[in-house]
Each structure stands twice: as C-alpha cells, then as structure tokens.
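S.K.: Go ahead and model the full structure; you've got the sequences and the hints to work with.
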Amino acid sequence: MHSSSILVIIVLAVLSVFAGSATAQPVISIEGSCPTRLTFRWEGASANFPAALVVARETGECTLPVDRCSGTVMGLGCLGIRAVAIFRTGLDGRGEVTGRASQSLCGQFLQMLVVDGRPCATSNVVQIPQ
Numbered sequence: 038m039h040s041s042s043i044l045v046i047i048v049l050a051v052l053s054v055f056a057g058s059a060t061a062q063p064v065i066s067i068e069g070s071c072p073t074r075l076t077f078r079w080e081g082a083s084a085n086f087p088a089a090l091v092v093a094r095e096t097g098e099c100t101l102p103v104d105r106c107s108g109t110v111m112g113l114g115c116l117g118i119r120a121v122a123i124f125r126t127g128l129d130g131r132g133e134v135t136g137r138a139s140q141s142l143c144g145q146f147l148q149m150l151v152v153d154g155r156p157c158a159t160s161n162v163v164q165i166p167q
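Just so we're aligned, residue 38 is where the sequence shown starts under the numbering used here, counting upward by one.
Quick caveat, the hints were computed from the structure, so don't treat them as lab data.
For glycine and all other residues, C-beta sits at the position ideal for the given N, C-alpha and C.
Please note that the accuracy of each hint is not assured.
[Stated by the list, open to error] With beta-carbon atoms standing in for the labels, derived distance ranges: (1) 156 x 70: 32 to 38 Å; (2) 125 x 68: 19 to 25 Å; (3) 84 x 107: 22 to 28 Å; (4) 74 x 155: 33 to 39 Å; (5) 107 x 140: 30 to 36 Å; (6) 66 x 95: 27 to 33 Å.
M.R.: See below:
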C-alpha cells in the first residue's frame, strides 16, 4: 500500500468519528491560477459534515477501502491520491476556502469527499489550473 493511500485512510478514520448520516451531491469549482492564490467553492453538500479535499494525478475510479467511506468510488485515480485539506461543509452545505497552492498541485485533479453516509458523498472532479 502506498504511503499516500495510508494517509487517506488515516484522514477518513478521523473524519468518520465526527460523521452522522445523510447524503447530498456537492458541486465544486475552483478559481485562480497555480501556484498563486486559488479559491475553492462548494455548494449542495450535506450541512455541517466533515469533508476533505482529495487530490490525485489523474482521474479514474479509486475505491476507498476504509471505515465510513468504505466502498466509496472516487472520480480520481489511485496514483498519488491524498487529502490536502480537512474542514466542515458549513451550516448550509456551502462555503469556500482560499489559499496558495504549491507548484506540485498545479494540473492535478481535485474532488471533495463528504463523510455523510455510506458510501460517502463525492463531488464533481475539477482540474487545478496550471
């Protein structure tokens, strides 16, 4: 098992402690240019649940093997998959995070994972601008 897969498993184990149940389909978007300032926005997520931004080098169908998200199929490939941020979805299931992305994230693919049921909810996949 790759170290990045182990990191995702650990993050999901921590997130599963805080999760309840209810599932919604979040929609994400990203604005800005990499490696400068990026704004990540989401809407339509289950309200006030733990979530993670997950990044990978390619799109695909990586199946998560652990805890509350066991069996969840991501729209990301398993190669280099890792969580880059953990947060709560907000009281109305929408919000935004702004920050600086490292050069290593430029051009990679991003998806939001919400720990709100089994399987966990996943968003659309977006590519981080280059």
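S.K.: Next, verify each hint and record whether it holds.
M.R.: Consistency of the hints with the structure:
1. 156 x 70: 32 to 38 Å: holds, 33 Å
2. 125 x 68: 19 to 25 Å: Holds - the Cβ-Cβ distance for residue 125 and residue 68, about 21 Å, lies within 19 to 25 Å.
3. 84 x 107: 22 to 28 Å: Since the Cβ atoms of residue 84 and residue 107 sit about 23 Å apart, the hinted range of 22 to 28 Å holds.
4. 74 x 155: 33 to 39 Å: Since the Cβ atoms of residue 74 and residue 155 sit about 36 Å apart, the hinted range of 33 to 39 Å holds.
5. 107 x 140: 30 to 36 Å: holds, 33 Å
6. 66 x 95: 27 to 33 Å: violated, 20 Å
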